[in-house]
Structures are given as C-alpha cells and as structure tokens.
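Number of protein chains: 2
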Amino acid sequence: MDLWKTPERVVLVTSNDTDGVPHVITVGWKMRTSFKPPMLAIAINNNRYIHRCISDTGEFVLAVPGADRAETTLGCGLPREGDEDRFEKFSLKTEKAGLIKSPLLIDCVANFECHVVNQIETGDHTVFVGDVLASWVNEKPGKNLIIAGESEGYELLAENEPYKIGVIK
Amino acid sequence: MDLWKTPERVVLVTSNDTDGVPHVITVGWKMRTSFKPPMLAIAINNNRYIHRCISDTGEFVLAVPGADRAETTLGCGLPREGDEDRFEKFSLKTEKAGLIKSPLLIDCVANFECHVVNQIETGDHTVFVGDVLASWVNEKPGKNLIIAGESEGYELLAENEPYKIGVIK
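Respectively, the protein sequence lines represent chains D and G.
Number 55 in the numbering used here belongs to position 42 of the first sequence; there are no gaps in the numbering.
Number 37 in the numbering used here belongs to position 24 of the second sequence; there are no gaps in the numbering.
Worth flagging that the hints you see were computed from the coordinates, not collected in a lab.
Be aware that a few hints might be false.
Since the list gives no way to pick out one identical chain from another, each pair is judged satisfied if it fits inside one copy or across any two copies.
With a Cα cut of at most 30 Å, we get these calculated BS3-like pairs of lysine-lysine [claimed, not checked]:
1. K102 with K156
2. K177 with K156
3. K177 with K49
4. K102 with K177
5. K109 with K49
6. K182 with K156
Here chain D stands alone, though its shape is the one from the complex (with noise of 0.2 Å):
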C-alpha cells in the first residue's frame, strides 16, 4: 500500500473542542468528491482528540500549506507532545471563519470551511465528509507542499524519518 503514497499533497485541518479551544493536525488522506457542489473528504485516525472535535462540533477547515510551512506541517502530524500548544509552538496565526467555528489558518494558501455531512468509521480512520461553505485563497499562492518521494525532483524542507515534506523543484 506504500507505492502510492508519494508524491501526495499534504494539509492541515482545524476543528474547536466542545469548550471552543482550537487544535489542528496534518492530514494526508483526503480528496475532494464533488464538484457541484464543493465537497471533500478527509480520514482522521479514531484515536486522535481531534477526531472528537470533527465529531462533535459536526465541522472543520482544510487549510492549505504552502512551502513556508513546511516545519509546522510536518510538526502538526506528529504526535502532541503533553499539552503543548501548537497554534503557539508554530506561531500559527487563526482567523474567525465565515461560516463555522472552526479557525481559519491565515498564512496557508487557502482555506476551506467545511460543514460535516456525513461520516463513516472505516477501520482504524474515521471519513469525515464535508460541505465546503467557503473559500478563501491568498493571492500569491506559491507552490504546493507534498509528501515527498525518492526521486530528485523534490526540494526538501522539512524531515523526521519517514517524513520528508517538500515542494515539486
């Protein structure tokens, strides 16, 4: 099943806790799966905090990172370490969305606001899919950030093995 996990794109996915608090996480499994309307896909581990987030506040945003996020993409799949905050950490700037509570992530290339529709537990992931009530892309949106694979194509910009985070050269 790893043959065809490179090059994938890579994103980022907020969602509030019942309380309000924000927590985001990368996610490399999602696709889109409609286009009229907007709709999307992502599949969240069942053991991850933010898994009950999705679940419980029926929503999330699907952040795009571009290449000078590397470090935060590649540090927001990891495991959290204790408490950490890693809006903090990786001096994630959030925004109010438009539409839901879920926090928009200022300085990714585009963010979507996503309204849960449906949702399936598939093994050890659940699929989340969501609505995309709104858009918002930045005007300059530079290269795309992937999971990158062996070739030499990739420019590298963030690694802890087995993860590289790169862009296309």
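Chain G: place on chain D using the hints.
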C-alpha cells in the same frame, strides 16, 4: 478548490458489469482510509457507467499505473467514445483476480482487490469505501504517475488540455 489538485496521484479502477463485462476508468479522487485493516476510498462520478458496475457488484480493483501507462491513464479519464473497448484500445492486459471478479491490470505497478463495505452519495460523485482483500505489486515499480502541476520539475508524458500526466523528474 483547484489550488490543491497538483501534483496528485492518479490510478485506474476496474469493475465488471452484471454481465461480467469489465470496465476501466481513471480516478484522481482516492485516498487510504485505514492502516489496519487496509482500506481505501474512491469517489466516482454518478454519471459514469462504472459507477453502476461498482454499485451492482460491490467490488473493484484499484490499479496503480507506472510511467509507461501515461497515455492509458489520460485516455481512460476522458469520456468513452461510443462503444470503444478501452482494454483493446490501450492494449490493457488483464488477469483474473484472486478473490473478486473485477480484473487485475497486469501491466500496472500494483493492484489492490477491493470489496465495497460502504458507499455514500456526495454531490455529483459517490464515495465507495473498500476493504483491500489482496494486493499485487510488481518487483520493479518505477516512478509513480501523477497529474502534473505548473512548475518545471515534471516530465510530461501525456497531455490533453487541461490534463497533464507525468512523473517527477
């Protein structure tokens, strides 16, 4: 929504109709959804014939094309012309799968036999979630085929605007 679409891995999916006739299509919207057990999901346009095949038979093969299958991957993503037989048109060799009736594509670098355990209609596509019952991997897989973006790091192998299929250089 287009912003995070490249580079994106692209795969082929086969499934039989109820008469046992195999069909094949190119799929860009797919993701893994579980490590244990291995599971994955694909999103298929509700208007494509193979949508009915997968719905009726409850199974499909996800095949990963290599660089030598760029034209096939491009062609199987375009609308079918009349009654054309894509297996013949693209000299796609098939082999009987081990556990399901959908055929393997033996020239691809990997094949995953999938049994549909759940399906959800999401806008203009349907998400089929599959248990991976069996995996077949070639010994020398080569580079993974992708939908290429705009930067210079790609080797383009097949094009039909706006689609560009290639590999990372």
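Status of the hints after comparison with the structure:
In this assembly of identical chains, the alpha carbons of K102 and K156 lie at most 30 Å apart only when taken from the same copy (24 Å versus 36 Å across copies). For the identical chains of this complex, K177 and K156 are neighbours both inside a copy (16 Å) and across copies (17 Å), given an alpha-carbon limit of 30 Å. For the identical chains of this complex, K177 and K49 are inter-copy neighbours only, at 23 Å across copies versus 34 Å inside a copy, given an alpha-carbon limit of 30 Å. Within a single copy, K102 and K177 get their C-alpha atoms as close as 20 Å, which meets the 30 Å cut-off; across copies the closest is 39 Å, which misses it.
With identical chains, the CA atoms of K109 and K49 are at most 30 Å apart within one copy only, with a shortest distance of 26 Å there and 37 Å across copies. In the homo-oligomer, the alpha carbons of K182 and K156 lie at most 30 Å apart both inside one protomer (9 Å) and across protomers (16 Å), since each shortest distance falls under that limit.
The earlier numbered hints are all upheld by this structure, with none contradicted.
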